[in-house]
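Student: The chain contents come next:
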Amino acid sequence: MISQNYDIVVIGAGPAGSVAARFAAEQGARVLMLERDREAGIPVRCAEGVSHAGITPFIEINPKWIAAKIDSACLHSPDGDKAYMYNNGTGYVLERRIFDTELCNLAIEAGVEMLTKANAIGLEYTDEKITGVRYKHFGEIKIANCSIVIGADGVESRVGRWAGINTTLALNDIDTCVQYTVSGLDFELETCHFYFGKEVSPGGYIWIFPKSGNTANIGIGISGDLAADKGPKAYLDEFMERTFPDAKVNYTVFGGVPTAWGLKEYIKDNIMLVGDAARQVNPITGGGIVQGMIAARIAGQVAADSIKAGNQSRKFLLRYKKEWDTRLGKAQKTMYSMKERFMKMDDPKFNKLVQLCKSIPKEDFSLKKLFSVAMKGDPLLVAEIAKAFVISKIK
Amino acid sequence: MKINRELCDICGSCVAVCPVDAISVSEFCVTINQDKCIECGNCQQVCPAKAISGVNK
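Residue numbers (the numbering used here), protein chains in the order written: chain A, 1 to 395; chain B, 1001 to 1057.
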């Protein structure tokens, strides 16, 4: 059996995997990154929205992976009202297949070795210690020996399970999603739309992320615990029939988005999880690209440090957890408790929120203004949702 | 639990909610290990493509 030696093996070449691999390699570590599919970024299971501020620390902005620039969000209430929100920073709708490939290129430039069609199938142990990854590559089973494994294998993460980490999501901590990429529409380019309501999208929302003047990602996420009788596709089809009966569906993608606050345990001796695998996703918006990259950079750097120090114990690797908690981990718990309250909100509350947003003139819109208006109108509502939706931005 | 592979989009949602690690996924398919499966129905409920059946909830 072929076996090769590395310091670090990263499983998964999405944004989290490639960023972890890159930052580890930049510190001199020998890194192998395994991608199950034939290329990174495909199939795209993502609404593709990110904030400018979120991605610039990781990649130089390049028009070739930007489908559309976003400057506002429009909230649609269950009663059909709508409100625009501005001054929330620039956002982008990405072309993920190009974006992910560019991130991989950066990793490769930093010295990362990358394999595609390389499906990790298990961990190798020596004296009960993780010492490598077993994977299938073009029909052949191979072993990559390493001191650290970084699991960046997405929502379906099995790497954590192999290491005895409990990654199981409760049904109320996963959104079950469907997205149509459609054409034949005519709408504003710079605005993302969000639709709420029990009949529209229970426990979640419908999104429209424009990709050009006449194409868009239109998708839905509903809470897993509310999906027993009617699935997301049935809700989305009703919405399309109501709102865009003439739209042509170019392609359909299904997916699951973790909406947990994170994982209790995602670090053990010789192993760390990052990104969707570690449930590092904004539990309210479901955005995970920037979150995953932030965590991955920390994990990659800590992994490289641990190689230099010759210490891959859980205790050493917990530096990653410490930094993540400071950076975003603690905020995740706040967001999660807001998600729980948001799940309990009824339609009249959503209607009220949209009314409040609407009462602020467009050019005057700011967070401060929204808060002051909302405080007068319904202070409880501010605490419940305004923060969640406005502060979290489009991630 | 049974998977209809014609409907399955290999998104992995089922893997994430399986409490007994009975589901594995490759580039080409999702497989349920029937020996491990406890028929809790979680996978069936979250499957966005409605590709899994077996439990009446």
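Certain hints may be false.
[As the list claims (entries may be wrong)] Restricting the straight-line Cα-Cα distance to at most 25 Å, the calculated cross-link-like pairs of lysine to aspartate or glutamate (DMTMM-like) are:
hint, chain 1, residue 1, chain 2, residue 2
1, A, K136, B, E1039
2, B, K1036, A, E265
3, B, K1002, A, E265
4, A, K230, B, D1035
5, A, K211, B, D1035
6, A, K233, B, D1035
7, A, K230, B, D1009
8, A, K264, B, D1009
9, A, K117, B, D1035
10, A, K117, B, E1006
11, B, K1050, A, E238
12, A, K117, B, D1009
13, A, K268, B, E1039
14, B, K1036, A, E238
15, A, K129, B, D1009
16, A, K211, B, D1021
17, A, K233, B, E1006
Calculated from the structure, these hints are not laboratory results.
Student: Each hint should be assessed against the structure and marked as holding or not.
Tutor: Consistency of the hints with the structure:
Between A:K136 and B:E1039, the direct Cα distance comes to roughly 29 Å. Violation of the 25 Å bound is thereby established for this hinted pair. For the given pair, B:K1036 sits about 24 Å from A:E265 by alpha-carbon distance, which is consistent with the 25 Å threshold. Under the criterion of a C-alpha separation no larger than 25 Å, the hint pairing B:K1002 with A:E265 is inconsistent with the structure, at around 31 Å. Our distance criterion of 25 Å between C-alpha atoms is broken by A:K230 and B:D1035, whose separation comes to about 29 Å.
Distance restraint check for A:K211 and B:D1035: the Cα-Cα separation of roughly 45 Å exceeds the 25 Å cut-off, and the hinted pair is therefore not satisfied. Under the criterion of a C-alpha separation no larger than 25 Å, the hint pairing A:K233 with B:D1035 is inconsistent with the structure, at around 31 Å. At roughly 18 Å between alpha-carbon atoms, A:K230 and B:D1009 fall within 25 Å of each other, so this suggested pair holds. Distance check on the hinted pair: A:K264 and B:D1009 sit about 29 Å apart at the alpha-carbon level, beyond 25 Å; violated.
Only pairs whose Cα atoms come within 25 Å are accepted, and A:K117 paired with B:D1035 is rejected, the gap being roughly 28 Å. Our distance criterion of 25 Å between C-alpha atoms is met by A:K117 and B:E1006, whose separation comes to about 22 Å. Restraint check for B:K1050 and A:E238: satisfied, since their Cα atoms lie roughly 17 Å apart, inside the 25 Å limit. Simply put, A:K117 and B:D1009 have alpha-carbon atoms about 18 Å apart, close enough for the 25 Å limit, and the pair holds.
At roughly 30 Å between alpha-carbon atoms, A:K268 and B:E1039 are farther apart than 25 Å, so this suggested pair is violated. Distance restraint check for B:K1036 and A:E238: the Cα-Cα separation of roughly 37 Å exceeds the 25 Å cut-off, and the hinted pair is therefore not satisfied. A hinted pair counts as satisfied when its Cα atoms are at most 25 Å apart, and A:K129 with B:D1009 does not qualify at roughly 35 Å. Distance check on the hinted pair: A:K211 and B:D1021 sit about 37 Å apart at the alpha-carbon level, beyond 25 Å; violated.
Proposed proximity of A:K233 and B:E1006 is supported: the alpha carbons are some 16 Å apart, at most 25 Å.
In the structure shown, a violation is registered for the earlier hints numbered 1, 3, 4, 5, 6, 8, 9, 13, 14, 15, 16, in ascending order.
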